[in-house]
Amino acid sequence: MELGTQKNTTDMKKIKSDGTTYLNPYLGGVILGTVLLLAFYISGRGLGASGAVKNTVAATVNTIAPEHVEHNAYYCQFAGNGKEPMSNWLVYEVLGVLAGAFISGIVFNRLKFKVEHSPKITSRRRLLFALGGGLLFGFGTQLARGCTSGAALSGMAVLSLGGYITMIAIFGTAFIAAWIFRKNWI
Amino acid sequence: MWDNIFAVLIGMGFGFALEASGFSSSRKIIGTFFGYDFVVVKVFFTAAIVASMGLLYLSYFGLVDYSQLYIQPTFLTGAIVGGVIMGIGFSMGGFCPGTSLCAAAVGKLDGIVFLGGMFIGVFLFSESFPLWEKMYDSGSQGSKMINDAFGISPELFTFILVLAAVSMFYGASWVQKKVKKVEY
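Same order as they appear, the protein sequences are chains A and B.
Just so you know, we're using this note's numbering here: the first sequence kicks off at 1 and counts up by one.
Just so you know, we're using this note's numbering here: the second sequence kicks off at 1 and counts up by one.
Quick caveat, the hints were computed from the structure, so don't treat them as lab data.
To give an idea of the chain A side of the interface with chain B (calculated C-beta under 8 Å), a few residues:
1. Gly105
2. Gly132
3. Gly140
4. Ser149
From the three backbone atoms N, C-alpha and C, an ideal C-beta is built for every residue, glycine too.
With the sequences and hints as input, model every part of the structure.
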């Protein structure tokens, strides 16, 4: 049994309980780090995700109520007055993320409509917490001017102090909060 | 135009790497906090050291100039308070923006709902901005780099980061062996 465990940890791929194959996480990390490096080298900036959400919200509100955007000190930084929030590097990058993940889903046979949740809770409870969690997370990204990809990961790549602080705040808090929400997970 | 094409290609690499590593699964992601799956620690810190070392090397060879790169600006209050709020959202929802995109792309309904929740959260922040404006703008340090905060060179800091990351990787394997098995 000991030998069996050791062999598994050196395999390039690993089988998770759902029967699909995942890359060795260190290989995944090297690929991700290389993509991140390329992003900086080619475009002078790192990866991101929450910025595209912000731009989409600003653009949508601007389409529905442009005068409101003009008078809102937050929206007007990103939309209105000839600004084109959707014609933005991050928005294109996020479209790429969706496509890349989709392709990976095809390759590793993970395309499936499902609500992934602990067997100890219902789908409904999982979805309610996903909604609430997303709401809080979205709110937080605006205050911190980024998320785990943009502020934390990309920030760390360029040794940004703010990036490191946000990374520690997110993961430090999540460790404590996960314990509070443990009934949903284990 | 090429800017946008590269953006899509880079995004595709990002999304593929994330999903292939398992980040479309909220139960895999949350595993770090319960000790049964440290994929987040391994992928995140490997990527961070590869990218930060890579940039230092490129800069050394004159291929990259840090003053031309976008460095996440430091706003102390927002970085901390926003990070704490994100941390709570993370453990409630089991995702972050990038991973929820990957989850949504492969059909995870919880990922799609998390994404929807984020749009609402961003909207609420924007609409109530006057309440947060002062907090949002406070504690500005500009594009400060962390090694400067400690008064050491970027190379030394990165070296220490590599040591810390490798220790975490060994620690993670050790914890994972000791923890009660979770079916996920």
